[in-house]
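*Asks:* Each chain, written out:
Number of protein chains: 4
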Amino acid sequence: MPAIATLEALRAFVAARDWDQFHTPENLAKSIAIEASELLECYQWSNEPEQERVEDELADVVTYCIHLANRLGVDLDEIVMKKLAKADQKYPIALAKGRATKYTELAEER
Amino acid sequence: MPAIATLEALRAFVAARDWDQFHTPENLAKSIAIEASELLECYQWSNEPEQERVEDELADVVTYCIHLANRLGVDLDEIVMKKLAKADQKYPIALAKGRATKYTELAEER
Amino acid sequence: MPAIATLEALRAFVAARDWDQFHTPENLAKSIAIEASELLECYQWSNEPEQERVEDELADVVTYCIHLANRLGVDLDEIVMKKLAKADQKYPIALAKGRATKYTELAEER
Amino acid sequence: MPAIATLEALRAFVAARDWDQFHTPENLAKSIAIEASELLECYQWSNEPEQERVEDELADVVTYCIHLANRLGVDLDEIVMKKLAKADQKYPIALAKGRATKYTELAEER
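Just so you know, the protein sequences line up as chains A, B, C and D, in that order. Heads up, the first sequence is in our numbering, so the first residue is 149 and it goes up one at a time. Heads up, the second sequence is in our numbering, so the first residue is 149 and it goes up one at a time. Heads up, the third sequence is in our numbering, so the first residue is 149 and it goes up one at a time. Heads up, the fourth sequence is in our numbering, so the first residue is 149 and it goes up one at a time.
FYI, nobody ran anything at the bench for these hints, they're computed from the structure. Hints may be right or wrong, so weigh each one.
Given that identical chains are not distinguished, each listed pair holds provided it fits within a single copy or across any two copies.
[What the hints assert, rightly or not] Within a straight-line C-alpha distance of at most 25 Å, the following computed DMTMM-like cross-link-like pairs (lysine to aspartate or glutamate) qualify:
#	residue 1	residue 2
1	Lys245	Asp223
2	Lys250	Asp223
3	Lys231	Glu253
4	Lys238	Glu256
5	Lys234	Glu253
Could you put the whole structure together from the sequences, leaning on the hints where they help?
*Replies:* Structure (C-alpha cells):
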C-alpha cells in the first residue's frame with residue numbers, strides 16, 4: 149500500500165515542486181494532524197457532511213501518511229499488520245467484545 | 149489500497165469484537181484525529197523519536213483511515229489520485245516550486 | 149486571564165524544572181493540539197465521559213494556552229475580545245441565527 | 149478566569165445567534181481540537197508565523213475552552229490549579245529538571 153502508480157504520482161508531484169525539503173518526518177506528522185482535524189471539521193456540527201468534502205480531507209490525511217511511510221522507509225500494509233497483532237493481544241475477544249473500553253482498563257479486569 | 153489481506157484482517161478483527169456498532173463515520177473521524185495527535189506526540193519535544201513508536205502510531209492513523217474509506221465505500225488510491233489532480237491545479241509548478249505557501253496566498257499572486 | 153496566582157504558579161512550576169527551554173511557541177502549539185486531542189478522546193466512543201477526566205484534559209489545554217500567551221506577550225482576555233469583534237462581523241445575527249453554517253458559506257448568501 | 153466582561157461578551161454572542169443548541173460538551177471538545185490544529189497550522193512549515201494569525205487562532209481555542217468550562221460548570225483557574233498539583237506529583241523536580249521525559253518513563257526511574 150499504496151498502489152505503485154499512486155506512490156509514483158505523489159512522488160512526482162512533490163519532486164516537481166521541490167517540496168522534499170519541507171517534508172521532514174516532524175513536518176509530515178504535523179501535517180497529518182492538521183489534515184485529520186480538517187476531516188474532523190466535516191463532522192463538527194453535523195454527522196451528515198457532504199461526501200466529496202469528506203473524501204478530499206481523508207485523501208489529504210492518507211497522502212501525508214504515504215509520504216511519512218516513504219520517508220521512514222516502511223510499508224503501510226506491513227506496519228498496519230504488525231500493529232494489528234499487538235492490538236489483538238491488548239483486546240482479547242472475550243473481554244473486548246461489544247465494548248469500547250480502553251485496553252488499559254481492560255487490563256485491570258484480567 | 150490497502151492489500152486485500154490487510155483489509156480482510158482489519159475487518160475480521162473488528163467483526164470478532166462486534167465493534168462495527170462504534171465505527172460510525174463521525175467516530176472514525178474523531179479516532180483518526182486522536183491517533184494523528186498521538187503520532188504528533190512522538191515529535192512533541194524532540195525530532196528524533198523511537199522508530200517503532202512512530203510506526204505504531206502511523207499504523208493506527210492508517211488503520212482508522214482504512215475503516216473510514218470502507219464505511220464510505222471509497223478506495224483510498226482512488227480518492228488520493230482524485231485529490232492530487234485538484235492539488236495540481238491549486239499549486240501550479242511555476243508558482244509553487246520551492247515554496248511552502250498556501251494555495252489561497254498563491255492565488256493572490258496569479 | 150488567568151488570575152495572577154495561577155500565572156505565577158504555572159511559571160514557578162516550569163522554572164523549577166528548567167523547562168522554559170522546551171517551551172518554544174511551536175512546541176507549545178504542538179502541545180495544545182496534543183492535549184486538545186486527549187480532551188477529544190474523552191468523547192471518542194461516548195458522550196458521557198467521567199467529569200474529572202474531562203476537567204483534567206481541559207486544564208492541560210488551557211495550561212499550554214496560558215504558556216503560549218505568556219510567550220507571545222499577549223493577554224488571553226484581550227485576544228479573545230479582539231477575535232470576538234471579528235467573529236461578530238463574519239457571523240451577522242440576521243444570517244447566522246440558529247444555524248451552524250461557516251462564515252465562508254454565509255458570505256455567499258449576502 | 150476569564151474576566152467577567154469576557155465571559156459575558158461570549159455568552160451574549162452565542163445567545164444572540166441561538167447557538168447554545170450546538171454547544172454540547174462533545175461538539176465543544178471537537179471544536180477545541182479543530183481550532184488547536186488551526187493554531188498548529190501556523191507552525192506547519194515555518195516557526196515564524198505572523199503574530200496576528202497566531203493570536204487569532206489561540207483566541208479561538210481559548211474561546212471554546214471557556215464555553216466548555218461554562219457548560220461543565222467549572223472555573224478554569226480552579227481546574228488548572230488542581231491539575232498543576234497532580235503534575236507536581238508526577239514530575240518531581242529532582243527527576244524532571246531539564247528533561248522533557250514523560251512521567252510514565254520517569255516513574256520507571258524511581
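*Asks:* Run every hint past the structure and note whether it holds.
*Replies:* For each hint, the structure was consulted:
1. Taking the shortest Cα distances, Lys245 and Asp223 never come within 25 Å of each other, neither inside one copy (30 Å) nor across copies (28 Å).
2. When the C-alpha separation of Lys250 and Asp223 is checked against a cutoff of 25 Å, the pair qualifies neither within a copy, at 27 Å, nor between copies, at 29 Å.
3. In this assembly of identical chains, the alpha carbons of Lys231 and Glu253 lie at most 25 Å apart whether taken from the same copy (19 Å) or from different copies (22 Å).
4. In this assembly of identical chains, the alpha carbons of Lys238 and Glu256 lie at most 25 Å apart whether taken from the same copy (12 Å) or from different copies (21 Å).
5. In this assembly of identical chains, the alpha carbons of Lys234 and Glu253 lie at most 25 Å apart whether taken from the same copy (16 Å) or from different copies (20 Å).
Violated hints, in rising order: 1, 2; the structure is consistent with all others.
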